[in-house]
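Produce the entire structure from the sequences given, and follow the hints as far as they go.
Each protein sequence line maps, in turn, to chains H and E.
Residue numbers in the first sequence follow numbering that gives the first Met the number 0, run continuously in steps of one, and reach 520 at the last position.
Residue numbers in the second sequence follow numbering that gives the first Met the number 0, run continuously in steps of one, and reach 312 at the last position.
Don't read these hints as lab results, they were simulated from the structure.
Possibly wrong hints are sitting among the right ones.
[Claimed, not checked] Cross-link-like lysine-lysine pairs, in silico, DSSO-like; alpha carbons within 27 Å at most:
| no. | chain 1 | residue 1 | chain 2 | residue 2 |
| --- | --- | --- | --- | --- |
| 1 | E | K280 | E | K293 |
| 2 | E | K159 | H | K182 |
| 3 | E | K159 | H | K155 |
| 4 | E | K143 | H | K182 |
| 5 | E | K230 | E | K46 |
| 6 | E | K143 | H | K474 |
| 7 | H | K492 | E | K159 |
| 8 | E | K168 | H | K492 |
| 9 | H | K492 | E | K134 |
| 10 | E | K134 | H | K420 |
| 11 | H | K25 | E | K134 |
| 12 | E | K293 | H | K25 |
| 13 | H | K182 | E | K118 |
| 14 | E | K281 | E | K293 |
| 15 | H | K474 | E | K230 |
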Amino acid sequence: MKNLRRTSQILIFILFVYLFIQTEYKGRNELGLPVRLFLDFDPLVALSALLASHAARSIFLLSLITVALTIFLGRFFCGWVCPLGTIHTALGALRMRGLKPNHPEGRYPKLRPLKYYILVFIIVAALFGWNAAGYLDPISLAIRSLAIGYNPAINKIARSVLDAGVALHVPVLSPAMDALYTKMTGTVLAFEQPVFRQTLFIGLIFTAILALNALAPRFWCRYLCPLGALLGLIGRKQCAARVENDKDKCISCGKCVVSCQGDATPFPPGEWAGAECLVCYNCREVCPADAISIRATTRKTGDGNVDLGRRRLLASGVAALLIAPALGTVVQRKRTSPLLIRPPGALPEQEFLSRCVKCGECMKVCLTNGLHPTLAEAGFEGLWTPILVPRLGYCEYNCNLCSQVCPTGAIRPVSVAEKQKIHIGLAFVDKNRCLPYAFGRNCIVCEEHCPTPEKAITFVEERAIGENGESIMLKKPVVNPDLCIGCGICETKCPVVDRPAIYVTAVNESRSEENQLFLSI
Amino acid sequence: MLDRRKFLLGLAAGTAGLLVSKGKLPAFPLPKSDKTGGDEKTRSAEKHSMSVVKGADPALATRKAIELIGGMGSFVSRGDVVLVKPNIGWDRVIEQAADTNPAVVAALVAMALEAGAKKVFVADNPCNDPRRTYKRSGIMDAAKAAGAEVRYIEDRDYVKMNLGGEVLKDWLVYRDAVDADKIINVPIAKHHGLGGITLSMKNLMGITGGARNLMHQRLPESIVDLTAFFKPELTVLDAVRILKANGPQGGSTNDVAKLDTVAASADPVRIEAFGVTLFGKKSGDFPMISIGEKRGLGTSDFMGAGFVEVDIG
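Printed below as a string of structure tokens:
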């Protein structure tokens, strides 16, 4: 059983990593692979988006498969499927080795209710329109942390090693490293070195979560994971495969307790907690007396499930109840940030926020590495939602990948043709910095790159005196707000390297009724 | 690859484009004088130095154009490593005429290999994402099928070199282009906001790195510097379709005219001087041509000695 479970964990983890790597442009407009598969089967993602946005999507039905299986099998998802759980299993195994039977070290029974409070907080917040699930939902957390936090570092390290090998100029080795470099970029490694804002911040949070295994094996899964809590509540009866400790056979050695990946106390008999069981079946494996069996039963044989405590449960709900509306007091609600350039297809801001789970899929897939996690641009409730940072990367005219990967429809699916009509912002020329305006020198790189078939950036011509006193024709860029879709390629390519002489802000965005600058007739 | 249906669609689009352009440009504004003479000359074994071939099949037209100026053997030697440098700058398709015609590129690759080249590779530093431009332009698939190695240029592939130019001194250039024995420059003729028209000299920006956008400030001098530095062995101008407005990336087939023309010469200035006439312009209006001529890179008198023009239908 243990080997079967391990095999499942490893294979599914490989699938997860494979899909993660495939969340990149691979030469076709359509990704062709269900890269967001894990999010689709995640009931917490579906539930929070459903409650917060009041909009049901048929894709949410997939997560019901997880729910149905959980009713029968308990938290099998945590023990057999969850990729973050698998990382914790591996790291937790290191900690588990040092534990002694019947010793309280590595167990924090008082912390058991914590994840349920977190879950209640998330659900109540969602009822008030604040989708907070993504911060701690394990799938969103894993994808975001890997994409923004770890992947840039992994890529950098791999590239540096290969480059160092090439730079040695050693026969055989250097050409081999060079060939390997070419083979790996765009396949295992990213096509181009990814660079994100907040890499360190998001990476450190993930590292801290992994480091919690030093306190207890799978600390995250036991005490913090809101999806674990949700699946625990659904599957606490484990009616198809329930762990039972036969008190007549049990010799009270305590080995099952230290081998338990969850904090399910298979010993003493009768205190076993189904909602905490991660279905690893280690207990049965280690029991020297063969006292532990796994049975299909609906019989209730003593239940050690956590007493959540009505007051605390209420308190966590009330906390969300108070905080969710209070978030509306942030200044970003009063006046939208000019930097809040959402990807094309993004819903109007409040609807967008109610759906986005901050999984980072759109940022991972963005062709130009132009989508980045917000810090303050969207207010507190919008932390880590995607914005286009045109100085770093633009929105490719013929690409709609971000709309293909969004699991909740926060970025609705848009065809390339439709996307090309969506205004996500508007470009402005800074005449104090633009070379022809400010210094009388020609440039017009922005106009060259402007992708709309009828160019949104044109220029006016003006006779001027050149650098050497000669008469030149100066071309000064002008933006047509009806044609400009705010893709930002002008800002990305503007040769004024630090603060660009042409820049995009969110105003004029199609999705908003308010964020407009012209009288609509 | 260009199949018949796409070809016909493109043809229709091009023709439609010409019709809606309200006759702003003559369809093929070439001086007629030398035409028949040239045609006759081709039958003789005389070697020309500049050829213009009109033909419905871009690959055949390309072959003919090279043949007329002495065949690929006079440019590529046995054992050469050859860079065929098309314009793969934009995420556009063939009909939009923003990138070099893949059939022209493929024909040159095949001919270079036939002439005994050890290796032929195709590369460009595009403006849009290279994965998209290589694929959607059709050039990657066509060049690979013809036997070329298609390379993406990475940051680590640029080396800083002294170009010894008038305005360009130390600049990052594509190492493999510098190391190549021969460079065949294959631009497409397009409208360009700043330069007026972009042809072969500007195409060489695609094998430079660094802050190449700064070159726009002294564009004619910069691209002449690049031409002097890279010294392309052969320049083949793709005017199968030309982009007449909203260049250099276009997007609308209304701005495209189908001329079914390929021109070839070892002289890049001569190609430029010919290229601007496709847009009804005179070479004197383009500083890149006069500066290039002054720098001794070639002649603006494209109709001069050794010129031949053929219509192969």
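Structure-based check of all given hints:
Proximity of E/K280 to E/K293 is assessed by CA-CA distance (about 20 Å); at most 27 Å being required, the pair is judged to hold. Simply put, E/K159 and H/K182 have alpha-carbon atoms about 25 Å apart, close enough for the 27 Å limit, and the pair holds. Under the criterion of a C-alpha separation no larger than 27 Å, the hint pairing E/K159 with H/K155 is consistent with the structure, at around 23 Å. Straight-line distance between C-alpha atoms of E/K143 and H/K182 comes to about 17 Å, which keeps the hinted pair within the 27 Å bound.
A threshold of 27 Å between alpha carbons decides the hint, and for E/K230 with E/K46 the separation of about 22 Å falls inside it, so the pair holds. Under the criterion of a C-alpha separation no larger than 27 Å, the hint pairing E/K143 with H/K474 is inconsistent with the structure, at around 40 Å. A C-alpha spacing of about 21 Å is found between H/K492 and E/K159, which places the hinted pair at or below 27 Å, so the restraint holds. A C-alpha spacing of about 22 Å is found between E/K168 and H/K492, which places the hinted pair at or below 27 Å, so the restraint holds.
For the given pair, H/K492 sits about 22 Å from E/K134 by alpha-carbon distance, which is consistent with the 27 Å threshold. For the suggested pair E/K134 and H/K420, the alpha carbons sit about 24 Å apart, so the restraint of at most 27 Å is met. Our distance criterion of 27 Å between C-alpha atoms is met by H/K25 and E/K134, whose separation comes to about 10 Å. Distance hint between E/K293 and H/K25 is unfulfilled; the C-alpha atoms sit about 46 Å from each other, more than 27 Å.
Between the alpha carbons of H/K182 and E/K118 the distance comes to roughly 19 Å, so the proposed pair stays at or under 27 Å and holds. Annotation: proposed proximity of E/K281 to E/K293 holds, straight-line Cα distance about 17 Å (limit 27 Å). Distance restraint check for H/K474 and E/K230: the Cα-Cα separation of roughly 30 Å exceeds the 27 Å cut-off, and the hinted pair is therefore not satisfied.
In the structure shown, a violation is registered for the earlier hints numbered 6, 12, 15, in ascending order.
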